[in-house]
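From first to last, the protein sequence lines stand for chains A, B, C and D. The opening position of the first sequence corresponds to residue 336 in this note's numbering, with each subsequent residue numbered one higher. The opening position of the second sequence corresponds to residue 34 in this note's numbering, with each subsequent residue numbered one higher. The opening position of the third sequence corresponds to residue 629 in this note's numbering, with each subsequent residue numbered one higher. The opening position of the fourth sequence corresponds to residue 81 in this note's numbering, with each subsequent residue numbered one higher.
Among the hints, erroneous ones may be present.
Unchecked claim - Covered stretches of chain B (in silico footprint by chain C; criterion: 3 or more residues with CB under 8 Å from a CB of chain C, positions within the stretch not fixed):
id, region
1, 216–223
2, 232–243
Unchecked claim - What follows is a set of in silico ranges between Cβ atoms, one per label pair, in the way DEER data are often shown:
id, chain 1, residue 1, chain 2, residue 2, range
3, C, P658, B, T203, 47 to 53 Å
4, C, H1050, D, L90, 32 to 38 Å
5, B, A152, C, W631, 24 to 30 Å
6, C, A1047, B, F44, 54 to 60 Å
7, C, G911, A, D402, 49 to 55 Å
8, C, A671, B, T203, 33 to 39 Å
These are computed hints drawn from the structure, not numbers from a lab. Note that this is a predicted model, so its numbers are computed, not measured. Backbone N, C-alpha and C fix where the C-beta goes; we use that ideal spot for every residue, glycine too.
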Amino acid sequence: MPGMNHLITYTGLGVAAWMFLVGLYGIVTSRHLVHLCLCLTVVQASTYVLLTVIGYRPGLPAPIFTDWVQAGSLAVDPVVQALMLTDVVVEATVVALLLAITVKIHKRTGSTDPAAINVMRG
Amino acid sequence: MNRPLREIFFFAGAIGFALLWTAVSVRLPGPADLRDRYSLAILARTFPERNITDTVSAVNFDYRGFDTVGEEFILFASVLGSMVLLRQAEEKNAKPLPDAITPGRDVGPSDAMRLWILAMVGVKIAFGIYIVDHGQLSPGGGFQGGVILASAALIIYLGHNFDTFKRIMTHPLVEIAEAAGAAGFVIVGMIAWFWHQPFLTNTLPMGKSNEMTSGGTIPIISASVGIEVAGGFVLLLFAFLQETLTVEEEH
Amino acid sequence: MPWSNILTPAPIVLPLLVGAFLAGVGGYLPRRLLDGIALLTSAAVLVVSCMLVHASAHGTIVHWLGNWRPALLPQTGKFFPVGICLAIDPIGAGMSAMVGLLSMAAFAFSWLYFEQVRSLYHTLMLAFVAAMCGLCLTGDLFNLFVWFELMTAAAVGLCGYKSEESWPLLGALNFAVVNTVGAFLSLSGVALLYARTGSLNMAEVGRSLASHPPGSAFLLIVFLFVSAGFLVKMAVVPFQFWLADAHAVAPTPVCVLFSGVMVELGLYAVARVHWVVFAPSLGTAGEQAVRDVFLLMGTLGGVIGAVYCFSQRHLKRLLAFSTISHVGLMVMGFALLDPGALSGTAVYMVGHGMIKGSLFLGAGILLHRCGSVDEYDLRGQCGNLWLLGIILVIGAVGLAGMPPFATFYGQDLIHDAFARAHRESLSAVAVIAEALTAGAILRFSARVFLGWGERQEASSRGSPHVPMDSETAGQHDKTPFGMWLPAVLLLALASGVAVSGQFRQATDAASRHFQQSEKLAAVTLESMNDVPSPRTSPAPVQFHIETPVTLALALGIAALALFPRVLGERLNWVLGRGLIAAMRPLRRLQSGNVSDYVAWFAFGIAGYGGLLLWWHR
Amino acid sequence: MTIFLLAILLMVAVAGTAVVFTRDPANQTVGVGFLGMVLAIMFMAFNEADVSLSQIVIGAVGLPLMILLALAKLRRDADVAEKEQNGKKR
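Using the sequences and the hints given, assemble the complete structure.
This is how it looks when you write it as structure tokens:
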């Protein structure tokens, strides 16, 4: 059923766009830096969804050869999965950096509201 | 910008972005003979060439190993960056919180608890090592196993044993392990130079399939990534915990 | 090259290895040894990159990491790349040489500058250097993203290095959030290309797009998405806000790398992705849309950056805005999509990187000696620092594109290309932007070193007065020789490098080579023997009227800013009011609030995407 | 199977939206944990075992822990500041 397969691809593309925009919306309206960091993880999750549906091949198993998946047989795309592993690491590290900055900003300025801490106008 | 204005700009942008995205989506996916090329090539080659069964690990540590070098250093740089940011302005001004505020310090663990924690730590470490060194055979690898190893240190803390925790965490070996793991990946890649091959060429014997030695450099790289990730996450957690558990006296 | 396996990836591998080594054992080494190792490493990056420039002049070097050469696919009967390659041409290797040179200057400067550095600083700097070199040399789209992320992660740590103050933290926050959002859109673009073509190798993707054309709309939008992260990095309007916040507060040696080469690398990456991936399939109409949109980006950046630059009182912030303006000019040079203009842009980039690096080092010396970089706080205070004043003035003249600086030769070629494309009005934009930025630096120097001008003037009223803690401890009444040396040497290099016809000839040949996408694809995928583009005799340098006009305008603007009373009381008052009123909305835009910046990001992407499609028809 | 995959994708969208619209960071941490779990299930369902395992270790151990520690630190700093202010008043 090719129609059904494309249905998943298009749903995934739609969900990815939604996650990207809703995450950005969260950042744009955020009033707390920790909230802002977590919205950034939502933006990042959009790339997970995008890569997942790109690598998906309907009906095929994971690209790990076992007793029931013969070596060299067809499977879902392993390349995309390697990219996603990198992506997951990037997420964790970016959030760590931003949280560290948040903690220090709060210590220096006493606030975590992105609108209240800005002193660098002009 | 005030908030309503900002939201107007954002919504205008969001609508435009959605339209752009739609215009791109209708052209996807590409022609099947193009789209599947990379995947099919990897699936067909991994087992004959590398004797390993997890193709994702093969892509990660061999075919596209250079990406993973960069990825490890992203982690490495972020850990160091967080340490730079979180370092106490002046070490002597930082003092531990009074006991009453430190969570759990007043309730020492019972002996049974200690034993249980020790067992848990043992299980975690064993599981972490298993995940690290079976990366080429089954799901997992250096990154996943490394995080599990780092979480073993956390269990010590959860068992209210902050002193032991701190002693482990501040041990210089942790820092050295992290750096050695990162450097290890690069050094394994440099082995190939002795055989006049490009950086990261898998020049070691491929071993037998379904054994831990299969895959040439893949398990070694996986192990060094595991060490780096475990050390890195321990450092990261400690940097945050130390922030939480100490008050910095201003002035 | 007999050592090619070792030397080719060395600019990336060596700093990573040394960085990891220093992180592990750096705590046990004396400070000077740390500095020495780091300095030697960046010197090695410089030397190896120069060797790569030389070697790749005889044809693009394609180096398959892990020895994964393209394999013959049974399904298609064609060669397909399963691994990652470095595709090194003289321009990419030259950029990586710039990274090596400026990082050397930065390390030499921090030798005596930071008093309290641990090995973490050196490690982060080396990771940053490796990431930038990776970005220059890689031939793989996802690998490009990986180095981009490493660059951001290391740069954010360096930007917030002085975490005991709140300003660097805010700068780092804005930097991290805006760049990360951009990077995710770039990653999405790479993923969309992979979904369409099933490859991540730039040359192969370019070829697949040409053989199975997906339509211009797809190409233009995905080009914009893939470029998004780099557009943020190179501070194209309206993604430029983070740059001033971050560059003004980062430690001085870090600023040298930020403004001198990191920002320009964004443009390099966009240019490379454009020619290798998209140019073969875009067609004339698509190229025209790309040209118009990037010319718009460049014009906006050039003018807006210059206006902001002129209205600053904080030297590092002033230089940061001038970078936005100058990158705008480089974007205009790229946007002509013309070999001559590209070679001009490359020459300009080299000159600008060196001069801007030197100016930032000057700001560092000023901060070291006077504890401030504020124009009004320091008015007439630094008369004894005459050498520094000369450096700043020469730097300003260099930025204005005067001979014999490389910026002059670069600009000359760009003006030629404007004339060829019948877009002479763009030359006027360049003149105004350069006159304003150079005028701002001249004004600053005259006020600080000569005590000219008034205590407060209209144009910079309301610009932030950033308190700066000194980055040094101990003696401040002397400037060590080691601080002067890199600043002076960089200026000397900037004035000397392009005078010889050799350099310009080589850049010209490299730029023509850079644009031959089909040939590069064949070299990459089928290991075809690359034949370098022939060197032609250098075009005679034409003295455009723009050059003296720029200098005269810059001097005039600086003089007017210093002595507004010559205009008469009334006109002066009107002009002052007008400037304040004109700057007020602009200052409000540069709000320091990262939420605003992200809203601008969404708006900018949608806007440029819409324009690309609109102008395509 | 297709229906299941579609449902998972929609769950991800819902969880992501919930994270954004939970304005209190402490509650939001729960939401992020939930999003991480749904993502891990999604990776499993799409036959991405390796990614799923990473997502579990990061989503279940790394991220929430860092967030909670950061939040604890923010609260403690606020407490200290408040105490100082009270002290000054007296």
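Taking the hints in turn, this is what the structure says about them:
1. 216–223: n = 5 at 8 Å, threshold three: holds.
2. 232–243: Coverage by chain C holds for the region 232–243 of chain B (4 residues, Cβ < 8 Å).
3. C/P658 to B/T203: 47 to 53 Å: violated, 22 Å
4. C/H1050 to D/L90: 32 to 38 Å: Violated, at about 54 Å.
5. B/A152 to C/W631: 24 to 30 Å: Given about 53 Å between the Cβ atoms, the range is violated.
6. C/A1047 to B/F44: 54 to 60 Å: violated, 42 Å
7. C/G911 to A/D402: 49 to 55 Å: holds, 52 Å
8. C/A671 to B/T203: 33 to 39 Å: holds, 35 Å
Hint compliance for this structure: hints 3, 4, 5 and 6 are broken, all remaining hints hold.
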